[in-house]
Structure formats: structure tokens, C-alpha cells
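Here the structure of chain C is known, so what remains is to put chain R in place on it, guided by the hints.
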Amino acid sequence: MLSRAIAAKTWQTFTSTGEGGYPEELVPYKDHVITQIATGLFGVREETISRAPIIEFKYAQGAKPGLGGHLLGDKNTPAVARKREAVPWTSLFSPFPFHSVYSVEDHKKHIDWVKTINPEALISVKVSTPSDVDMVAVGSYYAGANIINLDGGYGGTGAAPEIAKKNIAMPIEYAIPKVHRFLIEEGIRDEIVLLASGGIRTADDTAKSIALGADGVIIGTSELVALGCVRCGNCESGRGCPRGIATTDPELGQLIDPDWGAQRIINLYAAWQKRLRLLLHRLGLKDIQALRGRTDLLRYSDGR
Amino acid sequence: MADRDGFRLIESKKRLAPPEHRSRKHAMEGGCGVVGLACSEQISGRHLMQSLIQMHNRGNSKGGGVAAFGLNPAQLGVSPQIIEEDYILQVAYLDPGCREEVETEFIFSCLEIDEHYRLPSLSDFREVKGLEMEPPEVWRYFCRVRKEVLDHFILTNSLETLAREKAEEEFITQNTFALNNKYYSSLGEKRAFILSHGRNMFILKIVGYAEQVIEYYQLESLEAHVWIGHQRYPTKGRVWHPGGAHPFMGMNEALVHNGDFANYHSIAEFLAQRNIFPLFLTDTEVSVLLFDLFHRIYEYPLEYIIEALAPTTERDFHLLPEKKKKIYRAIQASHIHSSPDGPWFFIIGQTNTREKSFKLLGITDTSMLRPQVFAFQENGVRIGLVASEKQAIDALLRSLHAEDKRFLPYADMYWNARGGSHTDGGAFIFSVKDNDLTITDKFGRRISTKKEHDCPSVSLSAPKAQDREITEKLVEFTDVIDSRWRLPIKERAKALTAAESHLNQIFLSLPERDRTKTRYHYTDWEKKDTLDSPQSEQEILVVNCVRFPSEGDRSISRFMVKALQLGWKNFITFNWRGQRFCGCGLGPGSEDVRIDVFGSSGDYLGSGLDGAEIAVHESVQDQVAQIMKSGKLVIYGDAGQTFMYGAKGGEAYVLGNAAGRPLINAVGAPRVVINGTCLDYLAESFMAGNPLEGGGFVVLNGITFNPKGEIVELDSPYPGGNLFSLASGGAIYIRDPFGRVEEGQLNGGRLTELSDEDWALILPYLKENERLFKIPVKRLLTANGEVLPFEKVYRKVEAVELKILAGIHY
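Sequences listed follow chains C and R, in order. Note that our numbering gives residue 170 to position 170 of the first sequence, counting from 1, and the numbers run on in steps of one. Note that our numbering gives residue 1761 to position 761 of the second sequence, counting from 1, and the numbers run on in steps of one.
Bound-form chain C, shown alone (with noise of 0.2 angstroms):
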């Protein structure tokens, strides 16, 4: 955690918190650190509100569609239910929508009552890919949003039930394009920024990305891998994370040192940088911006 905002820091980026809370460990680097407000609105105060630039609402993420976050019993030590204060050892489930919002104009509110207690924050809204993200895309525009986050089902995730994995909502190759049009069509897209996440894994994949239409992607497990991840799926458990990254138990947790991690984490953009430029400079253009929307220089190939 500590490493990615370092890193994130270091490059004049953002890292976020994620749903539990934020971390006093975190506070030196408030100026990089997105703070997230999810359906369980764990760890949300006013206080975590007021410090962050950018405020995220995660209505939902890719990887488990239509349900909240998971964090189950074994993670769940002391010193987490102490932050998210709750009971230790009991799994603690996101509800699946946000209580209060069952509505468009519901979500109007929600935005406004966060800009009431941070004026000057941006507004992030995180969802999945159904059918209709595009009206989503629109109503969370005129509602107040100035980021759009659409995740999609390739991402990996913390805990989530092997049905919901892959099997619920749109390929972001999909969502992306069409969230892009759309917000053309109603004369927005300037207005609105349209991040994507899940499974970006490379370099090339952003670049896929803003191909068909995000303005940026958001990165997950990658940073993970730059860490020395080896994808062994346990993140789920107490002590399963062989190499000390998805867990929240203190032994394990010691295995990264903040610095190395935040190294690796730099060199990883620091590589897909490289990689970009080169990608851009072969296909004749003089700014990543360009590219937006450039699906004409995409090919599609069914894997052969």
C-alpha cells in the first residue's frame, strides 16, 4: 500500500484506497491518494472526505458485477476491524447497492452531499459494464461526476464467488467504445473523463484502451505483479499470499519493504512510458491524446 502510493507520489499519479478506509499511514502522501466511498462506506468520515483530491464512489467493480466488496473472516484481524470497526474475524460484505441511492436523482444527492463537505474535490464514479453503462455514463455527467471509472469483468479481485468472475457484464472492449460515442453523441465527452480498469496488464493494453476511447486506465494487479505477485489466486485468505501482498496479516505483511516496492512500481511505469512512446512514435502521432478514440488503428484478431 505504501509502495503504490509512493510510487503514485513519484510519478504525479493517483493510488486509492480502496474501500475500507484510509489509513493513517497513508496521510503524507493525501495529495496522491484517492479516497473511495463504497456501499458499505466503511472507514468514511468527514474527516477522510475533507483531505482527499479526488473522491470515488464505487458503486460496482468488474470483477463481481451486482455484488459489494468481500473481505472475508481470516483478514479480518484486529487491527482491521479496529479501522473499518467492525467485529474481528467476522467476513464483512458490501451491501450491493448504496442504501441511499436507488435512483438517478438519489445519485445527484449522494454527489452533492460529499461536494458539500469537499467543494474542491473531483468526483469519481466506479461502476461495471451492463448493458446500459452509456445512460449510466450520462446520468452520473449531469449529476455531477467528473470521472467515469468503468471496470471490467477481466480485472482480478480480493474475494469473489467463481460464478461472478467473467461470467457478469460487457467486455470493456465493449463498454469503452460505447461510453465514448455516447458522451459524443450527447456533445459531453470533453466534459467527462473516461478512465478504464480491469485487466490492463500491459503497456499495449493502454494503449488499447484509449484506442477504442478512455482518456486513461487505472491499474490493479499489475502493480501487484511488480511486486513480485505470482498469481497464485489465495488472495481471499488470511496467510495465503505467499509474497506478503494481499494480506492483512502483520508477519506476512513485512515481507515488502515500502521502498524496494515503491522502486519496482516506479520502474513499471517508468517501462510502460518507454513503451508508450515507442507505440506512438511508430504510429505518427506526437501526443497520447491523439490516440483517443483511434479505433481505426486497431486490428482485431480472434487468436490466431
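Hints in this document: simulated from the structure, not taken from any laboratory. Possibly wrong hints are sitting among the right ones.
With a cut-off of at most 30 angstroms between alpha-carbon atoms, the simulated DSS-like pairs for lysine-lysine come out as follows [stated by the list, open to error]:
(1) R:K1562 with C:K30
(2) C:K178 with R:K1190
(3) R:K1129 with R:K1014
The calculated label-pair distances, taken between Cβ atoms and stated as ranges, are [stated by the list, open to error]:
(4) R:S1536 with C:R239: 17 to 27 angstroms
(5) C:V193 with R:G1380: 34 to 44 angstroms
(6) R:A1178 with C:R181: 34 to 44 angstroms
Partial list, derived from the structure: chain C residues whose beta carbon lies under 10 angstroms from chain R [to be verified]:
(7) S16
(8) I37
(9) E46
(10) R84
(11) H99
For each residue, glycine too, the CB sits at the ideal point set by N, CA and C.
This is chain R only, laid out in the frame that chain C set:
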């Protein structure tokens, strides 16, 4: 109706061609604001305007509309007989040039017109501030179906066994469908459409805000017994067609809707099987088509219509009498595909020709996911109201009160419907007949509004000028407001109105006073920019909230944050007009802040409270005290939906009831006393540790004040079927001396006895509850006249270890 009559009516629709665009995508309704009123006397349209204006933030100006029922024939230029017997066809000509051909084909050819004219309107639509799209020209036709045309219709469709009126109604609906289909295909050219065709009613709607309908068509003085209004917030598109706005018409009904359907296609298929096709490509339309089918063609009693739309489920179903279970089961099986699925709240206005009455219905979906408030007032005139927000109701009453002192700015009673329940069925109906108004629930049970014996009116002396006496007067009048529940029901609104008026007078007289001689410093919208720091920490900022916008940088809530930054710690805020976010943004470390709230506050009050103390001298609305971390909240009234959702600490006291999902997902250590009850889902997913070790809890007393003002038990301290669902921590201390709460109502908790420690834990809170609300602990411990030990009165609902929460591996 004879057997098979309904079937024959459905068959008769076959001659109509379904619209071409059946398979096209429909627009999604999203949010909205809805309001309705029914009154024993006729009410002018201008009174609806303020409540519509105050619900602007529930709409986005892409659609608004109103409907009126029980009209004044003289105002419409016709005789009383015509109003009673004729159908009022209102046609919107978006292309005035097509009127002649429309009239030739669909109006003069088959209808006998007793009177027709163009509706008055402003000469230039731009006179209406903010109205961007010119509303259509509307013509009104008072008509009956021509005798020979109707005879032919009856003959061709074998409708001889029907009452002639029924055949005539069917003809009218089919004629309307044909006209709308031809002249208003939603994706092609929109040239004309029929807004409404019912008796003694009309609908008007535009692309704009609902109050602009009243302004543009000059309805300010138009009188009606029942009005409904709607502010629309569709989620797609820039330019919208007025046909997509609400209200939508049935035969003699108009429906407005707040919410969303997930199964539009299923319902559309169900209707298609009965030769009924929606034309306006918005999901709301199918709901009124369903209502019309059930009411007019199948002739279901209202109770069954409501059951078909919002079925009774779970524990509520089990508590129904056997006979009802049987028939409800049959209704549910028949209507599983035609029951709208999704959050919804309907307000329906209707001219009921069978009963010769005008009705206003409010129906909520079984899960109660949309806000709804009902209200009633009687002070020489009987008026019933229903809306998405209480403050919209208050705004309407305030508008009436300004012109006619028989109306008070607050209702006698406010309540919520419990969706799909065996108690009220999730619906309430106001019926106006022969200048009287009655209220019934879904089951036809009359809601008593009986006023108790006369009691001397509360007399309040006029305020005097000195500062010391100002404080005394404030305390006195505030106390009247806070204790109004102790009065007979008919006196409460009067006392509140009088006390509030006196308080306002005091507050408004403050600017004339010498600043150095008083602790009270007045400010309002005009003076807000000149606010400077207080001279001492004891100074009190008195803020007149009227005119402040509801949200945004210049809102009243941001103003209070700025005042706090200037050093103000004590606030008295009054004249709230539904603005939101009161007390938000104060941040942590606000322990020495104290805010008093008078008036109709809006949603999200105190959400995020972290240290301050807020006393609200009225009911609050929805999403109050969410994520509250610390501090104290006292509510001299009821609370709305998702009260303290995700709360983490602090103390709260509610004099009345909370609505749906209070304290859901709460953690940490909130300590709450609710004196009334809740709709359902109290403390779902509560995670607040062990109350005996510093965790959180809710005390639920299940009492209310009877019409005389005495404390009485509710029928049950908790009527719902989902108490403490999936909770892993915290506890509920429920006052249940008669053992009415059962295990079956829990969803993963268990009922136990209180220990001495439990009692020692909650007693200080009950004592504070006594001090604030004058509800004696002794009275709480009394049942059937006998004072009992605490363990015989209170029961504890505590968490058990649940398999589902105990850490499963996928």
C-alpha cells in the same frame, strides 16, 4: 359485468395496429419528484407551484406535468351536467397545422362535441423564466361518442352485455390510441397527441419543469379537488418530447412515478398478449396501462390491483387471514410477469365514475426503495397529501396558509406506507366525495382522523423586547414545539404554527437591536456576505434560511461551514425550506458546536456529524446522520429512510419513528433511542461490536402518542420481518412487555433477556430520553397499569455467529 365481458373488451382491441417501434429501446426513467393533494374543497393550481419548485433538485427540467380532477365547470366554460357526463379530450398539437386533419379523422367523425376551444396560455413562452422549449398548443373537447358510432362499435365487437358506458370508455381509449399511434410515433415526426381523455379531469405536460406548466397554461386560479404533479429526471437525451413526461393516462386516471422498472419488457409482453401497447417509449407508461387493465377491464377491487402491483411477501404474507392468502396467492401467480419490479412509488389521481368520487392514491413497491410521505390536516377543511419529500408537503400547506388561515403550514399527521405489508398494504387512498374526504389503506380500512373533544387552544403571549426575555421566550416557544405531541391531535399543528410564528417574529426583530447589547446576531441570504466573526464564543448566529439554495457553494450548509470557520459555534437556523445537508461539512473537532433547526429541513441532515450537537424541532427527512462518527442528534419528530446508514458513533434520540433501513451497515459505537418503530430492516448488517464493551446499540420503545396526547403502545414495537438481519455486532433493546416480537422476525440474531449490565448500560440513555422528550422511564416500565422490572419489559436482540459471516473460502 357479465362473464367474458373483459375478454370481449380485450378482443375488441385487435383491430388496432400495434405501433411499429415495439422492439425499440425505451427510455429509462430515473429519478423524479412527485406530489399529490386531495381536498374536501377545491384548491387553486398556484398552491401546487411552490412544492414543485422545491423539488427542482429531483428533476432536471427535461419533463414536468400536472393533472387535476374534480374541476369547476364554470371555470371551464361548461355546465355541471357536461362536466359530469362528458369526456374531456385534451389534444396537444405540436404542429398546429395538422389540427384540421386530426379533428376530421379522429374527433368530429366519431365524437359528439358539446364544446371545444383552445386552452388559454401565455402569448410568449419565454415569459416563463427558464422555459426553453415552447409548450404545445392544446385544445380541449368536451365530448361523447356519437350514438351510431358507438352502436356500431358494440355490434361489431359483441359488447351488448356490457353497460353502455363501458363500451363508450373502450371506444374512447381505442380512438386515443389510434390517434397517438398515427400522429405521435416517438421516433418519427411528433405532430399531435392526446394528453388525457378522462371525465372531470385533465393532464398537461411539457418539456420543462412542472410548475412551468401551471404558469404557461395559466392554471394558477384553476380549481380542483385533486392535483398531482411530477418533476422528471430521465437519464438520456438532450431534447425530450412532452409525450414522454408524466403524468401518463389510463382511462380516468393519471399516474406519476418515481423510480425504475427492471422488467419493462416482461410487462410489455404481458400487455401485448392483451392487445395493449405502450406508445411513448418510457417505462412508466406500462404501469398506468396495467392499472387501467385491472381496474376497468378486469374490474378488480382496488385491493387486488394493489396486490397485483406490489405483492405481499414473506412474514407479512403469513400473517394474512387464510382467505386472503388464498386469493393473494392466485393474484401473485397470475401477475408474476406484470408486477413492476424495481424501486417505484406511484401517485395516481382518478375520477372514479363507479363511486362518483375523486381519488388520490399513493402506492409503494414492496421493498420501499423510494421515499414517500403521506399527510393529513383538518381544520375546517380536510386535506390529504402525499409526496416524495415532507418538505414539499409543507411548502404546499404554507402556500395555502398564506391565503387561507384555515390551512396550517404543518399537517396534523405524517406517515409512511409499509410496502407489501399486512398492516396497510403499502398504499393509502384519499377519497373526495360530496365535499368530504376519507382516508383508507389498501384493505379498505378507514384511517381514523377523529378529533377528540375540544381542548382549550394553546395561547402564547407576544414576544417582548429585552435580551434576557428573548432567551426566555425562545425556550418557551421551543418547548411548545417540542412538546406538541402531548396535545390532542387537533391542537398540534396549531401549536406548532403559532409557536413558530412567534419565534420567527422574535428572530426577524433582531436586526433592529444593538449588536453590543445582545448575544443574538441575525443574518440571512441578503446579509450573508457581510458576516464577520463573533465577538465571543457565546454569541449565537441566527440564520434565516429561506432563499438559500439547497446545494452548491452558496447553499445554507456551506454558509454554516464558513460561519464555523469564522468562529461561530452556536447556531439557530429557521425557515428551512427543504434545503439539504444541514450540518454537513463541519468536520471533526466540532464538539462545541450547537445547531438548532426550525422548519422543514431536507435530506442528508447531519450526515458525517463528528462532534457537533444538532437539535431538530420537527421531523427530518431521508439519509439523515449517515456515517455519523460522534456528536449528538435530537429529533423532535420522525426520521426518514436510511437513518444513520453506515454510522460509526455518536448519540441520537428520535421522538417518533424511523422509516426503512435505519442504522443499516452501522459499525463502531452509535447509541440510539427510537421511541416509535421502523418500517423494516432495522440495523441490517450491524457490526457495532459488543455494546457492553463500548459497542453500539439501538433502544426501540415502540410507543406513540394517541389523539389525546397520551403515551400508548403501538400494536407491535416492530412490525417488519427483517430485524437485525445478518448483524455481527451491536444489539437492539426492544421494549416489548407483551412479547409481540418473535424469532421469526429476526434474520440471524437471537432474542435474550437483559442482564443487569444491559440495563445499567441503557438506563442513562433512557434518562436523557426522558429529559429531552418528557417520556418518563417509569412510564416505559409500565404495562397494563403496572410498573414492571426491566427484564419483563425490555428484550435484547443480539448477534449470533453466522455461518455466512464466519469466513468461507470460495
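Here is what the structure says about each hint:
no.	hint	in the structure
1	R:K1562 with C:K30	holds, 23 angstroms
2	C:K178 with R:K1190	holds, 28 angstroms
3	R:K1129 with R:K1014	violated, 46 angstroms
4	R:S1536 with C:R239: 17 to 27 angstroms	violated, 58 angstroms
5	C:V193 with R:G1380: 34 to 44 angstroms	violated, 58 angstroms
6	R:A1178 with C:R181: 34 to 44 angstroms	holds, 37 angstroms
7	S16	violated, 19 angstroms
8	I37	holds, 9 angstroms
9	E46	holds, 4 angstroms
10	R84	holds, 6 angstroms
11	H99	holds, 5 angstroms
In summary, the numbered hints that this structure violates are 3, 4, 5 and 7.
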